[in-house]
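Novice: Add chain B to chain A, keeping to what the hints say.
Letter by letter, the chains look like this.
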Amino acid sequence: EDQVTQSPEALRLQEGESSSLNCSYTVSGLRGLFWYRQDPGKGPEFLFTLYSAGEEKEKERLKATLTKKESFLHITAPKPEDSATYLCAVCSGTASKLTFGTGTRLQVTL
Amino acid sequence: KAGVTQTPRYLIKTRGQQVTLSCSPISGHRSVSWYQQTPGQGLQFLFEYFSETQRNKGNFPGRFSGRQFSNSRSEMNVSTLELGDSALYLCASSSQLAGGDTQYFGPGTRLTVL
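Protein sequences appear in the order of chains A and B. Using my numbering, the first residue of the first sequence is number 1, and each one after it goes up by one. Using my numbering, the first residue of the second sequence is number 1, and each one after it goes up by one.
No lab work stands behind these hints, which were simulated from the structure alone. We treat Cβ as the ideally placed atom computed from N, Cα and C, and that holds for glycine. Do not take every clue at face value.
Claimed, not checked - Rough simulated footprint, nothing fancy, chain A against chain B, three-plus residues with beta-carbon under 8 Å:
| # | segment |
| --- | --- |
| 1 | 29–42 |
| 2 | 50–59 |
| 3 | 106–114 |
Just chain A, with the same shape it has in the complex:
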């Protein structure tokens, strides 16, 4: 069974203080690893899809990387509007379902 573990559970940063979120996974036959951002009471907003080890993707202040066992979401010089819960999910084998981690709650303060 696929497993996804995210750390830390919560992270508080000052504006401009860069950091990384971790997503460790165990799957048989990774088809894709996904990062989403979720604001309270809203649906997850898609950020990145990674398919193979060594792949990297960037968008504004965010950069996602992938190894064979984990993925990192690097946040460079965050702003208060980056405050949200960041979710990691995997899809494996022939199934199309996503298995999610419990998320990292990020708070960025002035």
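Specialist: Frame of chain A, contents of chain B only:
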């Protein structure tokens, strides 16, 4: 393109009642998946429909069911509601010709069971 839409956005029901939630996928997407999100269990997969056929199913009781129409719109139904069914129900769509395609989520339906 318009995003995934879900109706209604909020529902309040009492134990024992049944409820139907609706999801319209992104135009051209043929796969619709449903997830339940609760503070205790996080996001959990309910089922997926592709071209009107249930392709995958999660570990939920038979009270949870769904269907997909020829225009790819989907509905999920929960019968004999329990207090524990209170959750945010999320619908996601993708082209999903093969596993691993990106799923795009709707805003969710907040169900409260009293």
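Novice: Against this structure, judge whether each hint is valid.
Specialist: Going through the hints against the structure:
1. 29–42: holds (count 4)
2. 50–59: holds (count 4)
3. 106–114: Coverage by chain A holds for the segment 106–114 of chain B (4 residues, Cβ < 8 Å).
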